[in-house]
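*Asks:* Residue strings, one per chain:
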Amino acid sequence: MSILVYIEHAEGAIKKTSLEAVSYAKELAALEGQDVVAVALGTIEESALGQAGTAGASKVLHVNDEKLNAGVIQAHADAVAQAFEKVGAQTLVLAKSSLGDAVAARLSVKLDAGLVSNVVALPETNGGYKVKRSIYTGKAFAFSEITTDRKILAVKKNAVGLKTDGDAASVEALEVNLPESDFVAKITATDKATGEISLPEADIIVSGGRGLKGPENWNLIEDLAKAMGAATGCSKPVSDSGWRPHHEHVGQTGVKVAPSLYVAVGISGAIQHLAGVNASKYIVVINKDPEAPFFKAADYGIVGDAFEILPKLTEAVKALK
Amino acid sequence: MKILVCITHVPDTTSKIQFTENNTQFDKTGVQFIIGPYDDYALARAVELRDQTGGSLTVLNVGEAETEPTLRKALAIGADEAVRINAFPSDSLFVANQIAHYAKEGNYDLILMGRESIDFNGGMVHGMVAEMLGVPSVSPVMKLEIEGETVKMAREIEGGKEYLEAKLPLVAGCQEPIAEWKIPNMRGIMSARTKPLNVVEAVNDKTATKTVSYELPPTKGAVKLIDKDNVEELVKLLQNEAKVL
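These protein sequence lines map, in sequence, to chains A and B.
Just so we're aligned, residue 1 is where the first sequence starts under the numbering used here, counting upward by one.
Just so we're aligned, residue 322 is where the second sequence starts under the numbering used here, counting upward by one.
Chain A with its partners taken away, still in its complex shape (with noise of 0.2 Å):
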């Protein structure tokens, strides 16, 4: 039997999140004796999909149709549980993203499948099917029991680790049949910041709070982001002045983030902020304020103002490289 991984893709390549959810796929493949299956839906090319195979997936289904490259909910829905169906699979694993959580949840109803999001560990199958899930905005755990036969685990982000040291999948075309009502609702434009790095996939990530004073200072984040090869973010107060966008704004409310670093500069850390990135691996906090409730979350910490720190840490950065 195989285990079905939906993968997202974005600019030509598989989301690196979505090649996690492969990996941890195959950990869970290697308990159960089975293999892993992934499926793709929209225009990639082959050799680029064949990379699922890096991370554990021994086939890749294509289903190589442009009118899923937008993400249309309920079209994709459809088409994975035709996948699912063919395979003959009991599990689904998916990356947790705007889009897979969208999907996974018309899944769930679709293939009559318990559903666990948020995971951040390999299932207990000791008397029962016990999934590790992320909750309270990442301020606790709870051990959730699937009681269906069918299975959806959707991954949170740097939870489980990525390997890449398999080869690469064979890839097969895969027809599904796409009722025009899955198409419905019609993606009409896309407005994306082209060239950064994404908020949600980043490694590393430079926040910029109200102590940088006003949108004119924010070249000293994006140096020191640039130098580190991370993303910027912002604060609530940051993005609702206008200064940033609201897709840069980290916290409760705004994009909750799972790097393995996050600097935070200028930010009292706020309980709100604070929820959007506790999953962080490691923090570093820049305030000049030696109160700021951000040191009690913080791995490392500097007292002092962040425009005479910022072009220092720039330039250290620069020099290691």
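Since the hints were derived computationally from the structure, they do not count as laboratory data.
Every residue gets a Cβ at the ideal spot worked out from N, C-alpha and C, and that includes glycine.
Mixed in with the good hints, there may be bad ones.
Said to hold, decoys possible - Capping the alpha-carbon separation at 25 Å, the derived lysine to any residue pairs in SDA-like fashion look like this:
1. B:Lys527 to A:Thr148
2. B:Lys425 to B:Lys545
3. B:Lys549 to A:Pro311
4. B:Lys549 to A:Ala270
5. B:Lys482 to A:Ile197
6. A:Lys67 to B:Met453
7. B:Lys473 to A:Leu178
8. B:Lys482 to A:Pro215
9. A:Lys59 to A:Ile197
10. B:Lys473 to A:Val184
11. B:Lys545 to A:Asn158
Claimed, not checked - A few chain B residues that face chain A, going by a derived Cβ cut-off under 8 Å, partial list only:
12. Met322
13. Pro358
14. Met449
15. Ser460
16. Glu479
17. Met511
18. Thr528
19. Glu536
20. Leu558
21. Leu566
For chain A, the structure is supplied; the task is to place chain B on it using the hints.
*Replies:* Coordinates of chain B only, in the frame set by chain A:
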């Protein structure tokens, strides 16, 4: 237009999360419960749409009697009537089944809710409800306008926005900046007392998951402070100790 807004009853964002009974129950001691913050955005937008287009706005929660103050607050914000489906919301599928059943009977044009609850963060209920009703679902929606039968939306995607159009009926999971949160005023609070709050019984008890226990993350060690005149030290620590550079 008939609008249904589904809200969650969740601990305030600033609540300290603790568990009792050998980590099997959430500890409600000293915890204040609120309308889920994302649901608050959905409700605020629904009030605006109802005011623009006319029709009715019903707010719904799947919960036990303790959630009624949360529903009353939603009435004070501007919903016309409230419904409590009298059951413990045991998992997403159970909640979605209740909402879908109620919505089918009521023939709603637009069903709004938050993109996710802030307790279990699953973000699944809107998609499940839409699938059960056989209508489109879009999430996370940050802009929603109605023009006749057409719904025009902007949805957040990784690193940007997607603009979409769909026909009613539709289910949307909402987030900011779809509308500004509304704070109940005295008139709203007074009128909420006389608006109907109907209690209906749950329709079936189908679940797919069961939460058996909880765990808190390990406590964080103290921050390592570095002198502001020695930023090279920070870079060394990030490279050699944390191994993230």
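*Asks:* Does each hint hold? Answer for all of them.
*Replies:* Tested hints:
no., hint, verdict
1, B:Lys527 to A:Thr148, "11 Å, holds"
2, B:Lys425 to B:Lys545, "57 Å, violated"
3, B:Lys549 to A:Pro311, "12 Å, holds"
4, B:Lys549 to A:Ala270, "23 Å, holds"
5, B:Lys482 to A:Ile197, "15 Å, holds"
6, A:Lys67 to B:Met453, "24 Å, holds"
7, B:Lys473 to A:Leu178, "23 Å, holds"
8, B:Lys482 to A:Pro215, "21 Å, holds"
9, A:Lys59 to A:Ile197, "29 Å, violated"
10, B:Lys473 to A:Val184, "12 Å, holds"
11, B:Lys545 to A:Asn158, "24 Å, holds"
12, Met322, "18 Å, violated"
13, Pro358, "6 Å, holds"
14, Met449, "5 Å, holds"
15, Ser460, "5 Å, holds"
16, Glu479, "5 Å, holds"
17, Met511, "30 Å, violated"
18, Thr528, "7 Å, holds"
19, Glu536, "4 Å, holds"
20, Leu558, "6 Å, holds"
21, Leu566, "7 Å, holds"
The structure does not agree with the numbered hints 2, 9, 12 and 17 stated previously, though it agrees with the rest.
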